[in-house]
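Enquirer: Work out the full structure: start from the sequences and follow the hints.
Single-letter residue listing:
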Amino acid sequence: MKTFSLNKGLGALWYPLILSLYFSVTPTYSNNTYRHKLSIQQQIQISGKITDGTTPLSGVSISVKGQPKTAFSDFDGKYTISAAPDDILIFTYLGFRTLTIPVAGRSVINVVMQENATSLQEVKINAGYYSVKNSHSTGSISKITSKSIETQPVTNILATMQGRMAGVSITQTTGVPGGGFEIKIRGQNSIRPDANAPLYVIDGVPYSSDPIGYNQTSTTFPTVTSPLNSINPATIESIEVLKDADATSIYGSRGANGVVLITTKKGKAGKTAVNIKATTGVGTVTKFMKLMNTEQYLAMRRQAFINDGITSYPSYAYDVNGTWDQNRYTDWQEEFLGGTAQINDFQGTLSGGSDKTQFLLSSTYHTESTVFPGDFIYKKGGAQFNMNHRSEDNKFKFNFSTGYNIQDNDQPAFDLTPSARYLAPNAPAVYDDAGNLNWENGTWQNPLRYLAATFQSKTNDLASSAVLSYELFPNVVLKSNFGFTDLRHTETRTAPSTVYNPAYHLTSAYSSVYVNNTERQSWIVEPQINWEKELGRGKIGALFGGTFQNQNTTRLYQFANGFTSNSLIYDLASASTVRVLYSDNTLYKYQAFFGRINYNWNQKYILNLTGRRDGSSRFGPDKQFANFGAIGMAWLFSKENFLKENTWLSFGKLRASYGTTGNDQIGDYQFLNTYASSGVLYDSNVGLQPSRLFNPDFGWEVNKKLEAALETGFLQDRIFLTAAWYQNHSSNQLVGVPLSGTTGFQTLQANLDATVENTGWELTLRTVNFSSQNFNWTTNLNLTLAQNKLLRFPGLEASSYNQQYRIGEPLNIKLLYQYTGIDPQTGVCQFADTNNDGTISFPEDKQTVADLNPQYFGGLQNQLTYQHWKLDFLFQFVKQENYNYSVGIPGQMSNQPIRMIDSWQQAGDNATQQIYTTGYNDAAVTANYLYTDSTGGITDASFIRLKNIALSYDVPLNTKNVRCQLILQSQNLLTFSKYKDGDPEFISSGYLPPLKIITAGMQLTF
Amino acid sequence: MKTIHNTTFYMHYFLQMFLFASTFLCMTSCDSFVEVDLPKSQLTNVAVFDNYATADAALTDIYAKIRDQGLLTGMTSGLSNQLANYTDELICYGSPGDPALPFYLNTLLPANTSITDYWNISYNQIYAANAVIEGVEESDKLTVEEKDQLKGEALFIRALIHFYLTNLYGDLPYITATDYQKNNVAKKITVSEVYTNVISDLDSAINLLAQDYDNPERIRPNRFVAKALLARVYLYNGAWAEASNAASAVLNATDLYGLEDNIDGVFLKDSKETIWQLQPATSGKNTDEANSFIFFSGPPPLVALTDNLMDSFSTADLRKSNWTAAITDGSSTWYHPFKYKEFDYTATSVEYSIVFRLAEQYLIRAEARAQQGDLIGAKEDLNKIRERAGLDETTASSQQEIMEAILQERRWELFTEYGHRFFDLKRFGQIDAVLSLTKTGWNTTDRLFPLPQNELSINPNLRPQNSGY
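Chains as they are written, first to last, in the working numbering: chain Z, -10 to 995; chain D, 924 to 1392.
Derived by calculation from the structure, the hints in this document are not laboratory data. Ideal Cβ positions, reconstructed from N, Cα and C, are used throughout, including at glycine. Certain hints may be false.
Not the full set, but computed from the structure, chain Z residues with beta-carbon under 10 angstroms of chain D [what the hints assert, rightly or not]: (1) Ala73; (2) Ile299; (3) Ser301; (4) Ser304; (5) Asp672; (6) Thr711; (7) Glu786; (8) Asn873.
Far from chain Z, some chain D residues (derived; all Cβ distances over 12 angstroms) [to be verified]: (9) Lys988; (10) Asp1071; (11) Leu1095; (12) Ser1115; (13) Ala1133; (14) Val1156; (15) Gly1181; (16) Asn1185; (17) Gln1202; (18) Leu1225; (19) Gln1295; (20) Asn1306; (21) Gln1331; (22) Trp1335; (23) Tyr1392.
Expert: Written out as structure tokens, the structure reads:
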């Protein structure tokens, strides 16, 4: 049995073998025809053209009622199909009303199809292991399609979802290309902040979102590099987000934080079509902070010295003591962040195929420079191939997709944003007259030294999947997914000797480089069997399957220094010292059995049962397996007799679900008590260090989800409203419990007997405001009101979390001092002494709760088409609070927000800001420190943003063979916010805000 | 017919494949699929102490950590730089955000990252030492000699780190085991209780450690290193006789130690004066201290010696001429510590970071003797140090004068070494008088660091905060 075990590596060999056997038998089979079933009726050839009134529709499916025959319209909208004169043709096309037209002896039938809101009910929703008609879905699934993705000039898939999905909160963490986004689907479930990532699945293959960067190399970003940047939005057909138990339980242990299903574009039958899209544009920072100018700044500094009773400026106070020119003024934000990023994007697609076999080949290339000074560039390119095949009798189906993406990123090693904010406005010029970096005799750390220190990363990512299915008996389909991913990532961060002050006289012997190599391979096999049967007026369906997944991650972190020349810095062989800081190979294995039983009675009552038994290598012996399951129900009350005759309600569905999911995002091997190499040498030994405090007994985190929703369509679905209420409880919390430093470590992995609740309302409203041949206008609104609450935490008072959480409050709270204003006598900030002990003490007085979760958020999207014009725009809105940007102590040598000019100067002053100090006024220093941790440090960071606006124009051309579209797109064009310290969208402050991007381009199809 | 055959054939194949795949998957679908072997880069804690080489690597890693981070590193984050900034030895020229500034400006707060790092890193080093002690005790594969050496060194490390911690933070827990459940709620004990534990650990270490160095480069503690620390511990405790005896034990080991006649030889790797030093990370690398202090043009990028210190040296003092260096830009002159002179890499390393050296033992004994009234003995020891520095014998005669001279001598001899100045001023009761002259807003409570804010939140047993914060 051991010899057959998948984990011996041999197992993987079987899959290509099985695959090749499939291939080898397919061609012999494709000769099969229906000849033996020839109709006795005479067949005539019917042809025609399908349009939407103006433009031809390609890929419309034309079938003959009661027969398996299907044809598709080609690129010109033309089709041919053979049918008997009294047959009935059915025309179906996604997003359009299905037409049923009797042949009535004609041989030419031209068709105008109408886009119809009613079709919303017909939209197929991908639920992962199965797909379901929107109207029959029992779960909560949000979807966006390529239509909305293509209007956005962005490179990250999470960016494409921002503001478009109810319940999905996405925050961009930096504007530097290649940086990350934070996503929370229905709030934070796990107390561990890094265990709230959803499961990503691309064409059926899980795609690990575990970071691939290393904190010593990904220094440009607030978080280490994420692999999600590799996914190319241009290749995506649709993104579905599974949110409730009904939809996520089938993903068991990995469904707790929701599931993001990504479906790539597939080939379409019809004429071989070429599509070329080229765009170019610019990006700039959305919003700068308002800072002091030289005059205001120096006034502050001088006053600070006066306040401190210092009459002669110390020798190191270069800004005020005359060392630096006091008439200089540089807007450092403009200087360091005020550049314009150039963005170029090219996409080419070739697609086509026959009724039985279709293909798609696409390729993209994208470059993006930065707003920083210097030549930095982010490049991304890739290719995607898809092939679809069905056998003649439609019993055998085969789908193969593969995508390969390369990213090449070159950025300064450190974000210049903090320097741009704190640097004294009269600090020296960055370059001297000769054009060299100016160190002004070593009196400052020239921030542009970081331009010589670079961060470079290269990511190659392959994701492949194949789905084979065969209809064994009528209604019984055998199916298996095979997937393989291979990611290779190399990241370096250099510190050449030129980044140091020349006063140190450092040579290239002091240059150093950090190198991170991460490789991750995974394979997955998921055999499934699917059965469906009509039972009277009902329909029953069942699905059973298994998952075997293996993921291998290799990481190698190295440090090298001492080079003979700075130009050899990337060559480890030229280094005098090379140290391996970390070298590891981690294996993650995952196994599951899953099933679904669905019963649909008369398309009115639907019951959906899903379940999964999961095992994960991330847990210790006896803790590896767990069961998860859910029940979902729907009642399509609009189909009831008492509502059948009404004219206003076109659709009505009530659905509810309840079930469990789990979370195993805990890292590998955490249950082992081990020593690992520290990579550091002493006395000829490479050291061994204790890896962690170990706990072999931790187990699964359990997440229980409850949801109820009402979906209604009015006036033939021209108004479609969905209101969902959910309540999720996460318990048995798996956390790195913060420990006192006296334990030798700061955390320990353990299950905490605490429960976190996420509840919320999600509303989506789609209205077709206007619909005619020439003018269409639809509006989509989504709104999420979410609340996060710590329900239970036995022993919180005595635990190490006692100053972090409060029962009944959200996880993302801050406990703060209560700021009460400035003492008019001393000019120092005052705080509420809540325990009346005469001093501001910790923790007693630091108990005011501030909730940093968004109170509500959403998006309002409008799509307008008028003849050849199309306009699409999205407003994103978030109601939230966040920290003010804090730049040290006002009066010290760092610039301050302009609001700081209103500082207290003498007794009796009624100022908004406290007394300036250079650091000698103990009371003011302490108060400033308390202030940043007080209610005074928190402010309204709500915003409304014109997230996306896209205008396109179809150029009317004489030829029918070419379609030409002109495109104008913009991201983050306008931002409305009361937040004063730069852009209000951030997780940790001091990083480049999201960019405002404007691009123009052209798309040709022929 | 052929098509039907094909269909059957195909179906047959598909079925066969599917059954094959399912059987095969079912065979592997027992629990063993999700069991994984130990990662290649890790050893279980038991395996580490099954063999001397790995057990030794677990111990030497602690020295590497002491060298590279925390209290005793020679990098700018270590005490040598930060306490010199905190007292009257260095002036700080760092840019805003430089971790040295809160020390220099006397604006240390409970959330200061240096304060938190010292604490966490130190207890991590103590944890590693305790893990070695426990691992060695449970091992049945190591020999008695191996066990004694490993345990002796680990006990010494535990004592050393706790000694520095209690001098910086005051009352705190003394951690002697790896059990996190207990350590997480560890209770503070008083400084004098900490000292009792330090002395007990050092006594055990002295019994376990050999007289000779395990490595002739003196990079691993032997019995005398533990004695040298013990001498200092007794001195700080006012146990004058014991301090004097412990220092004598070291000073009398003349086959191992002796003062370097040439002042330029003191900080070299093979100095006879060295009791214990830390080996640099790689061959050819020299000390972090040199990198922290030396600069080549003014104004200084980080720190320079204070005028106060420079002016206190007499012109004849070789330590002024040889252990400091002047840098001028034409109009102004600055001085940097120049005890360690090798800034760059050399073919083989020429300087290691010296943690304990003989000169301090003379000064310990001088002070202990003076305190006991043995003024002649005290002067004798003091003059040894003065003589080597090219100075005449001390003119101090009364006990108080001699004590004053010893404090002054320690300042000249031990400047920018592991915060001696700070501890000396505290011990001599002069810290408020001296530092309130140079530090605006100096408070007597500033003689202790604040306890890290985060620690107070997590472990209520550490409350209250040290007074003044």
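Enquirer: Are the hints correct? Go through all of them and say.
Expert: Evaluation of the provided hints:
The beta carbon of alanine 73 (chain Z) comes no nearer than 24 angstroms to any beta carbon in chain D, farther than 10 angstroms, and the hint placing it at the interface is violated. With its C-beta approaching chain D no nearer than about 8 angstroms, isoleucine 299 (chain Z) sits inside the 10 angstroms limit, and its interface hint holds. Because the smallest distance between the Cβ of serine 301 (chain Z) and any Cβ of chain D comes to about 13 angstroms, over 10 angstroms, the interface hint for this residue is violated. At its closest, the beta carbon of serine 304 (chain Z) sits 7 angstroms from a beta carbon of chain D; the interface hint therefore holds under the 10 angstroms criterion.
A cut of 10 angstroms between beta carbons decides the hint on aspartate 672 (chain Z): the least distance to chain D is about 5 angstroms, and the hint holds. Annotation: interface hint on threonine 711 (chain Z) violated; nearest CB of chain D at approximately 39 angstroms, more than 10 angstroms. The beta carbon of glutamate 786 (chain Z) is positioned within 10 angstroms of a beta carbon in chain D (closest approach about 9 angstroms), and the interface hint is therefore held. Here the hint on asparagine 873 (chain Z) is broken, as its CB sits about 17 angstroms from the closest CB of chain D, past 10 angstroms.
Distance check for lysine 988 (chain D) against chain Z: the nearest CB is about 8 angstroms away, which does not clear 12 angstroms, and the non-interface claim fails. With a cut of 12 angstroms on Cβ distances, aspartate 1071 (chain D) stays outside the contact zone with chain Z, its closest approach being about 18 angstroms. Once the 12 angstroms rule is applied to beta carbons, leucine 1095 (chain D) is inconsistent with being away from chain Z; the minimum gap is 8 angstroms. Residue-level check passed: serine 1115 (chain D) sits 19 angstroms from the nearest beta carbon of chain Z, beyond 12 angstroms.
Distance check on alanine 1133 (chain D): its Cβ is at least 15 angstroms (rounded) from any Cβ of chain Z, clearing the 12 angstroms threshold; non-interface status holds. Interface exclusion of valine 1156 (chain D) from chain Z stands, the closest Cβ pair being 21 angstroms apart, more than 12 angstroms. The beta carbon of glycine 1181 (chain D) sits about 24 angstroms from the closest Cβ of chain Z, which is more than 12 angstroms, so the claim that it is off the interface holds. Distance to chain Z confirms asparagine 1185 (chain D) as a non-interface residue, since its nearest Cβ pair spans about 26 angstroms, more than 12 angstroms.
Chain Z draws glutamine 1202 (chain D) into its interface by the beta-carbon criterion, the shortest separation being 6 angstroms against a cut-off of 12 angstroms. Not every CB of chain Z lies more than 12 angstroms from the CB of leucine 1225 (chain D), the least distance being 9 angstroms, so the non-interface label is violated. Against chain Z, the non-interface label of glutamine 1295 (chain D) holds: every CB pair exceeds 12 angstroms, the least being about 37 angstroms. At roughly 37 angstroms, the least C-beta separation between asparagine 1306 (chain D) and chain Z is larger than 12 angstroms, which holds for a residue marked as non-interface.
The beta carbon of glutamine 1331 (chain D) is kept farther than 12 angstroms from every beta carbon of chain Z, the shortest such distance being approximately 26 angstroms. Tryptophan 1335 (chain D), annotated as away from the interface, keeps every beta carbon of chain Z farther than 12 angstroms; the closest lies near 24 angstroms. Residue placement check: tyrosine 1392 (chain D) does not keep its beta carbon more than 12 angstroms from all beta carbons of chain Z (closest about 9 angstroms).
The structure shown violates the earlier hints numbered 1, 3, 6, 8, 9, 11, 17, 18 and 23.
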